[in-house]
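Novice: One letter stands for each residue in the lines below.
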Amino acid sequence: MTTIHLNGQDREVDAPDDMPLLWAIRDVLGFTGTKFGCGMGLCGACTMHMDGAPIRSCVTPISAAAGKKITTIEALGKEKVGKAVQEAWVKVGVPQCGYCQCGQVMSATALLTRNPSPNEEEIETSMAGNICRCGTYNRIKTAIHTASESLKGGAK
Amino acid sequence: MSPMFSDFSFVNHGIDRRGFIKSVGATGALLFTANWTWAQEKPAKKYGGEGMPGGTKSDAKLFVAINHDGTIDITVTRSEMGQGIRSSLALVVAEEMEADWERCRVVQAVGDEAKYGNQNTDGSRSMRHWYEPMRQCGATVRAIIEAAAAAGWGVPIREVRASKHSVIHALSRRKADFAELVGVIASFEAPDPISIRYKSPRTYRYIGKEHTHSADAASMVSGTAIYGGDIRSAGMVYAVVARPPVLGSTVESFDDSEALKVKGVLKVMPIEGADVPSGFKPIGGIAVVAENTWAAIKGREALKVEWTSSPHDSYESEAYRQSLEEASTKPGKLVRSVGDVEAAFSKAKKTHAATYYLPHIAHAPMEPPVSTALLRNNFLEIWAPTQAPQAARTEAAERAGLPLEKTRINVTLLGGGFGRKSKADFINEAVEIAKAFPGRAARVQWTREDDIRHDYFHTVSGEHLEASLDRRGKVSGWLHRSVAPTIASLFGPDPKHQQAFETNMGHSNIPFAIPNVRIENPEIAAHARIGWFRSVSNIPHGFAVQSFIAELAEEAGRDPLRFYLDLLGDDREINPDELKDGWNHGEDPKKYPVDTGRLRNVLNVATKEAGWGKRLPKGKGMGFAVHYSFVSYVAAVLEVEVEKDGNLIVHKATMAIDCGPRINPDRIRSQMEGSCVMGIGLATTGEVSFENGSAKQSNFHDYQVPRISLAPRSISVHLVDPEKKVELGGVGEPGVPPIAPALCNAIYAATGKRIRRLPIGDQLA
Ligand code: FES
Ligand code: FES
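Top line first, the protein sequences correspond to chains A and B.
Under this note's numbering, the residues of the first sequence are numbered -3 to 152, in order.
Under this note's numbering, the residues of the second sequence are numbered 48 to 812, in order.
Isolated chain A, as found in the complex (with noise of 0.2 Å):
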C-alpha cells in the first residue's frame, strides 16, 4: 500500500512496489487521461508532474512516489499555466489523433512554469522527450509562443 498525493488528494494505492505510476493511475486508481506510448521513458506519452515536474511515470515504481505531489492531465487545466497552454493547444489546432498530446501538454506546462519565455532552442530541448507520431511539431512550438504570450498578456 502506498499513499500519494494525487491531484490535491491522498490517495491510497494498492499495488506492488514495483508497479509504474502510469499504471497505477490508470488501471489501480482509473485515471486515463495519461496515455501508454513505449513504457520505456522514451517517448513521453505518460508524462506527468511530480512535485512540479515532469516525469515518464512508465519508468517510474509508484514506490518513488510515495508521498509525493502527483499531477495529471486530469487536474491540469485547474493550474493558471496548464489552462493557457491548453486553450493555446486547441486555439492553434495541435491536435491530430490527440494521443500524445496530454503528454505534450505537461511538458510544456512544466517549461513555461519554470521560464515564461522559451526560445526555439529551450523549447526543442524541453519537448525533445515528447514523440508525436503525427508529427504536430512546428504547432507545438507556436502554441507554446501563444500560451506564453497569453500568461504575459495580464492572466484573464
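Read the hints as simulated data drawn from the structure, not as lab findings.
There's no promise every hint is true.
Unchecked claim - Calculated lysine-lysine pairs in the DSS-like style (CA-CA distance at most 25 Å, straight line):
1) B:Lys482 to A:Lys87
2) B:Lys308 to B:Lys256
3) A:Lys87 to B:Lys256
4) B:Lys314 to B:Lys482
5) B:Lys453 to B:Lys482
6) B:Lys691 to B:Lys800
7) B:Lys655 to B:Lys771
8) B:Lys93 to B:Lys482
9) A:Lys87 to B:Lys699
To be verified - Now the in silico label distances, taken between C-beta atoms and shown as ranges:
10) A:Asp10 to B:Gly230: 47 to 55 Å
11) B:Gly448 to A:Gln5: 41 to 49 Å
12) A:Asp10 to B:Leu449: 32 to 40 Å
13) A:Gln5 to B:Ile696: 41 to 49 Å
14) B:Asp692 to A:Lys148: 35 to 43 Å
15) B:Gly658 to A:Lys148: 41 to 49 Å
16) B:Asn424 to A:Lys148: 29 to 37 Å
In this text, a Cβ means the ideal position worked out from N, Cα and C, and glycines have one as well.
Assemble chain B with the ligands onto chain A, guided by the hints.
Specialist: Positioned in the frame of chain A, the structure of chain B with the ligands alone reads:
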C-alpha cells in the same frame, strides 16, 4: 475518471430527448423547384463511395438528431485517427443545416455497415465519398426545419430561411431558434432528395473556411478523450500476449509456472493463431491475463515459450536486400509498355541507371494496438480503436459463435492508425480472452515492443530505373522495375507480384511525356506480414521516380525544375487506363483523369513560394518532388543544411496541394504538416530489419521516429486552387510520398551525395 460502462451504451443519449426526423419519403411533403440537371446515366461499374461495400447512405435520420434544447447530434461513421474527419464531416452537415457549430455534438457511430454504409477509414477517401451524402443530410434537415417554421407561422416556405441555428421570416420579422421547432419538426417528412436546395457556397461559414473548429481538440488536451485503452469496467481483466517471433511459427510448448506466481496473474492461456496467410486474424501465442496491465506484463516476462521452426526463420534483411536488387536488374513481369525502350536506349546519346532500396517500416501509431471485449448474456460488445469496424465485428461474431446482431462494436478514438488499425487481429485477441472470462470485460494491451515486432509492415523494395537521354537532353526511354513483397501475400498463396493497387501507385501510372516506356515487376516472396502503411506503394515508387528524375536532370546538365516541367509535357488529362491504371483509387476515370496541368501547377506554386533558384550558402541545398496519389497532387520543396559532422537540419518545407475543392482547410494543412514530418522520419531513420526471421527493432530507441528537433524549422502549406472544376481528392496520405525524395534531392544539392538507400541513417557522417 474515465467512464465506467454499466450498460451497452458508449455514448449515452436518451431517445426521448430528441425530435426524430421522419424517414425520407418518396412523396416529399415539401415541394421545391425540381432541379433535374443532377441526373446522370448510371455507370455500369460503380465508382467512389458507391463502389465500396455497403455504399453510402444519405438518410438524414441516420445521421442527425435534434435535441429538445436545440443542440444537434451529428453521427459520424468514419474513424478519427488524427485526420480530423469527425469534425470535418460534421461541419459539412452543420453548414448545410445552418446549424451553429458550438451547438453541435459529434456522435460516433457503432460499426454497422448495413445501417450506415461503408465505414472503412482508409484510402484517403472519407471526404470524397461522404461529402455529398453529408451535405444532403444537412440540407434535408434544414428543409424540414424551414417547412416546420413556415407552417407554424402560416407563411409560404419560400419566405423563410434558416440562418445560424434559427429560422427567419424577414417579412414579419419573426425568428425561431431551432430549439423552438423541435416539437413540430417530427411531423414533417423529409423532402424528396431531388428537390433539395443547397446553400450557395458564397454563404458558407465553415466549408472552405480557415478555422480550427474541432469536435475533439479540447477533450484531447484535457485527458477526457476516450481512446482504445480508456474504457473501464469493474472486474475487468488485462492481458498481454506472447506472439510467435517469426511469420508462420507457432507455440511448440510453454511453461507458465513462474508466470502464474506473479501477483495479480489470473490465467495463462494459448490463443490459436491462423495459418499463413493469416489475413487480419491473430497470429496466436500465449496470453497472460491479470488484474492489471503491469501484472500481465510481469507475468509474460516470467513465461517460457518454445516456438516451432518456420520456413521464414532465415529471413535476413541484408541478404533480402541483395536479392531484391538483383531481381530488379533482370527482366520481370511486364506491367506496361509503350514504344520500344531497347531501341531508344541503343540510339541514346546517354543512358543512366540507378537502383534504390527502401526497407520495411513500422506504423508505430502513438497508441499501440489495444482493445476491450465483453461477452455477457450471449452478447458480445467490443470497444476498439479500429479503422474497419465492420470487418472486426464480422470476425468477432464468428469467433464468439454469435450472430452479427448479437455483436456490437464501439469505435473509440484512434491514437493514430496509418493503416495499422484496419486489421482486426488485436481486436479478436480480446474476444478470445473475453470468451475465457464471461461477464468480465477483457482488455488486450500491446506493448510498443509487440507493436513494432508484430506489425503489418510496410513493404520493402528494390527499385531499378534506367533511362536514355536524346541529343537535346530529353528523356527518350524509361525503364522502371519495382520489386517488393505484396500485401496480397496476406490473403492467399503469395503471388510474389505487386497487385494493380500497388503498381498503380506511382509505378505504372507515371504521366510523363516519354515516347518509350517499360514498366516491369519481377517477383519476390514475402517473409513477413505486409500491410498498408499511409500512402502505401507510393512511398517506394515515388522515392525512386523522383530521385531518378533529379539524377537525370543532373546527367542532362539541366536545372531540375525545368527538366521536370519538360518531362511533364503539355498540360493534358490522361485517362488512367492509358497508364495501365484500371484501379484509379476506385474512382471513375472520366471524373478523375491524371492531370499533368495540376502536377505542374502545384510544382510551380511550391517552388515559387520556396524561392527555388536562390543561392544558398555552402552546406545548404534545396530539393523538390511532386507526386500524384489518392487523386490529389502534392509538391514539396525542402531546404536543408548538412553540418560538417553529418547532422541534418531541415530549415524549411514548402508544400503545395491540389486536392480539388477544400472542405476543412486547416485539417488539410495539418495533414500536410504531419505527412512532412512522417516523410522525413521514414527517410532518415525509418527501418525495421529482420534477422533469423524476426524483427530486430522493438521500441523508440532502435526504431526512431522524428522528435521535435528533426521537424522542419518551418512548414508552409499552400492550398492550390485548381485551374478548373475538379472533383474532391484525398488528403490523409498524398502528402507523404514527395517528402523523402525532396529531402534526398535537397541533400544532394547541399552535399553532392546521392542517397539511393533508405534510411539515410549515418550515410551523411
Ligand atoms: S510511455 Fe512513458 S515515456 Fe513512453
Ligand atoms: S497527435 Fe497523434 S501522436 Fe501526437
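Novice: Please check whether B:Asp692 and A:Lys148 have a Cβ separation lying inside 35 to 43 Å.
Specialist: holds, 37 Å
Novice: B:Lys308 and B:Lys256: Cα distance at most 25 Å?
Specialist: violated, 60 Å
Novice: CB of B:Gly448 to CB of A:Gln5, is that within 41 to 49 Å?
Specialist: holds, 45 Å
Novice: Assess, step by step, whether the Cα of A:Lys87 is no farther than 25 Å from the Cα of B:Lys256, and give holds or violated.
Specialist: Distance ~15 Å between A:Lys87 and B:Lys256 Cα, so the pair holds.
Novice: For the pair we were handed, B:Lys314 and B:Lys482, check the Cα-Cα distance against 25 Å.
Specialist: holds, 13 Å
Novice: Against the 25 Å threshold, does the CA-CA distance of B:Lys655 and B:Lys771 hold or violate the hint?
Specialist: With a Cα-Cα distance of about 21 Å, the restraint between B:Lys655 and B:Lys771 holds, given a limit of 25 Å.
Novice: At the C-beta level, are A:Asp10 and B:Gly230 separated by a distance inside 47 to 55 Å?
Specialist: holds, 52 Å
Novice: If you check the beta carbons of B:Asn424 and A:Lys148, does the distance land in 29 to 37 Å?
Specialist: About 58 Å separates the Cβ atoms of B:Asn424 and A:Lys148, which means 29 to 37 Å is violated.
Novice: Is the straight-line distance between the alpha-carbon of B:Lys691 and that of B:Lys800 25 Å or less?
Specialist: holds, 13 Å
Novice: Check the hint pairing A:Lys87 with B:Lys699 against an upper bound of 25 Å on the C-alpha distance.
Specialist: Answer holds: A:Lys87 to B:Lys699 is near 24 Å, not above 25 Å.
Novice: Are B:Lys453 and B:Lys482 close enough, with their CA atoms no more than 25 Å apart?
Specialist: Answer holds: B:Lys453 to B:Lys482 is near 14 Å, not above 25 Å.
Novice: If I claimed the Cβ atoms of A:Asp10 and B:Leu449 lie 32 to 40 Å apart, would that claim hold in this structure?
Specialist: holds, 36 Å
Violated hints for the displayed structure, listed by number in ascending order: 1, 2, 8, 15, 16.
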